[in-house]
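For chain E, the structure is supplied; the task is to place chains V and Y on it using the hints.
Listed below, chain by chain, are the residues.
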Amino acid sequence: MDWVNAVVQGVLLGGLYALFAAGLSLIFGVMRLVNIAHGDLIVLAAYLGLSTTVLLGVHPFVALLVVMPLMAGIGYALQRGILNQTLGPDILPPLLVTFGLSVIIQNALLETYTADPRKLSGGAIETASVNMGGITMGVLPLLTFGIAVAVIWGLQFIFYRTALGRGFRAVSDNQDIAQLMGLNKAHVFGVAMALALAVVAIAGILLGMRTSFDPAIGGGRLIFGFEAVIIGGLGNLWGTLAGGVILGVAQTVGARIDPGFQLLAGHIAFLVVLAVRPNGLFPRVEH
Amino acid sequence: MSRVTRTTRASRIATLGGIVLLVVLAAAPYWAGRADMRLMSEIYLYLSLATLWNLMAGYAGLVSVGQQAYVGFGGYMLFALTVFGGLNPIVAIMLGGVLAALISIPIATLVFRLKGAYFAIGTWVIAEVFRLCFAQVQALGGGSGSSLPVAIVKEIGVKKAVREANSYWLALGAAVIILAAVYVFLRSHRGLALTAIRDSETAASGLGIDIWRTKLEVYVVTSAFTAIVGGLIFLQKLRISPDAAFSVNDWTAFVIFIVVIGGIGTLEGPIVGTLLFFALRELLADFGTIYLLVLGFVAIIVMLKAPKGVWGLIRARYDLELFPLSYRVHPKD
Amino acid sequence: MSEPVLKLTNLDAFYGDFQALYGLDLGVGAGEVVAIIGANGAGKTTLMRSISGLLANRADAIVYKGQSIGTLRADQVAACGIALVPEGRQLFPSLSVEENLLIGGKVGRQGAWSLNRVYDLFPILKDRRAQASTSLSGGQQQMVAIGRALMANPDLILFDEISLGLAPVVIRQIYDALPGIVSDGMTAMIVEQDITKALSVSSRVFCLMEGRIALEGRTGDVTHDQITAAYFGVDS
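Residue numbers (my numbering), protein chains in the order written: chain E, 150 to 436; chain V, 1287 to 1619; chain Y, 20 to 255.
Extracted from the complex, chain E is given alone in its bound form (with noise of 0.2 Å):
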């Protein structure tokens, strides 16, 4: 029973990992980018949401209302004011440009937060719990993994039953051509990095109130979202969720063999379905 518990908690875990994923899926879909500053983006959100709280006394979910297009604002001026200016056939400009991103928000976190650990108080919900068939679920993480499916789902609606989605497709197909139909594509991928930054902010909160954290988390989150996409395959945000859903649930089941042991299964697993499935589990697009 116990390793059916750790496998369930597992499947729960992944719907975070999922939400780390999502955005950075969607953005390497719509222009080939990988923004290795995503989990310091997800820990900035967590940040955001702390301050949104203290200053409003509000709860974390109330804090979202603010943080989401706190972040959508940061994700469009941050990809026209600096990450356009990396797209091309050069692979080195976007990840060296992120990389320093990435130091820079760390550090702008250190300098304003500390390095102590924080964490987001969501009251009740982090303490309830449901039975079903035995096993004991908290209220938290399942929220979280419909809230997971909820986003994934929104995104895939947004990507194909859109002319927002159109958008994204069209540009991601064929640049040029899509300007001809009047799409300016600086604005497009403004508009698609906005997208993934708001998700970012929901991951950021639902991380910020289920485990402490502190600005160095960051780069471990990016490795989880990463692993998640890879797992699931690429251009494919439901197999992104399954990606998410298998790192979690080894996690889960290498903590249960030790404790010190979770995040190297975890990490196990990647390393196997790299070796096996290169292209992960269903994918949709080649790297």
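All clues given are correct.
Lysine to aspartate or glutamate pairs mimicking EDC-like chemistry, simulated, CA-CA at most 16 Å apart: (1) Y/LYS26 / Y/ASP79; (2) Y/LYS125 / E/ASP325; (3) Y/LYS26 / Y/ASP44; (4) V/LYS1594 / E/ASP239; (5) V/LYS1501 / V/GLU1487; (6) E/LYS268 / E/ASP363; (7) V/LYS1401 / E/ASP239; (8) V/LYS1594 / V/ASP1485; (9) V/LYS1591 / E/ASP239; (10) V/LYS1594 / V/GLU1607; (11) V/LYS1523 / V/ASP1536; (12) V/LYS1401 / V/GLU1487.
Chain V is nowhere near these chain E residues, computed Cβ spacing over 12 Å in every case: (13) VAL156; (14) VAL203; (15) LEU214; (16) VAL215; (17) GLY272; (18) GLY282; (19) ILE284; (20) GLN305; (21) ARG310; (22) ARG359.
Keep in mind the hints are simulated off the structure, nothing from the lab. Every residue gets a Cβ at the ideal spot worked out from N, C-alpha and C, and that includes glycine.
What follows is chains V and Y alone, placed relative to chain E:
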């Protein structure tokens, strides 16, 4: 008939100047104080790391954010092979390089499946795996690390002054050897193949260059030398721990900034970058995180406005090349 | 000719250091159908890319309806009412047939063309509306590309080598539809390697060679020999 040469007046002057400089630096134990020698050793070791990272990223197009894996590996091999293998520290460091070369091969087969930025993050995952694995080894201090036993330290030199001099010469020697090795490699036909790959992979493979194999060779050799430098670093520090050994900030962030700001894809770039980096560090010594913030900003601005770095600007402005690598055609007068 | 709707003055075009067009002077009147012919590399597609805004230029090198559009981005040029049917069709692989047409209308210009009218023009597309655009035959893809341009309700439509890679019967089918397309007073420029087809629908012809205009005249007036000389650069 036109003449084709590689050396220029500038490179000849630089070679002469370099030899003089080398003699002066080698004599440092006789004219420099302890603190200065430690600083210079640190500069040599960072220069080595930067030159190696530049070879991989700037020439082979393999942008790794995980070289700290090998730095830490080299450090831990020093400790493991001396304490448990009874080997002389220098032998242990060399052997660490060989072992690093060996494990880098299966690692390469894994990470080479990823491209571009995904490759970069993949190398980071590998470094994390190394960190987590070594943290499990209780014999080497587990999560809190261990110190190098005095007896082993004394094998470098019984008297402190001798030890300091030997450590210094090891670091200087490493930098010189690595710079020379990379230079010789780039001048060879393999180096030419690498430059071809960097400039255009499709064209290069069309010419029959085995891209995968060339990249693998560069990855293995770079990892081996990086591990050796790692061994030297921790020989100086005398203490190792998983977080210090596999620190992204210390062994990757700084190195990347050095190469980017100095000038990626040139041999002179890492030299310029290392000097600038340490100058900046002395300047902002009291400011902790501000230092990293400034570095990050400078790196971004350089990448956007002057992607060839400081040396790239100098080179373009004065058509200068200190390491004779390019061919020049002199038309018949 | 009364004030031309499109006026090119001393138009140069560069790809990096390489110059593809040398000081072109060209005018197109409202409602005219003009043919641009020339050998490969003569600069025809470069001309189309320059007009549609994909290649940057001097502001006054391209004047459309009295407005200098040379420096405008492609999306801004599209908003002015110029649409391009690109060489090689270049449909969006991630979009279905209908989505390709819909995105053509993203510019949001009002006019006679709508999704239904495009389906009336090319009924086969209605049957395949939900299919991936790249799963269609070459001729059908060309119809989508043309429909996509029409959805922008342009006043000036540019056709870049629409017969390329198509079977003769399909080419005939498309060219038969052309008069119906340009009937509403739309101005058109047709780039073609198939000279006969180009001359059959146009009233004036320009022949490009190595980035310059080698011949220009009314379709009825130019002789076969004149065209050959201009096309191949043979001194007559």
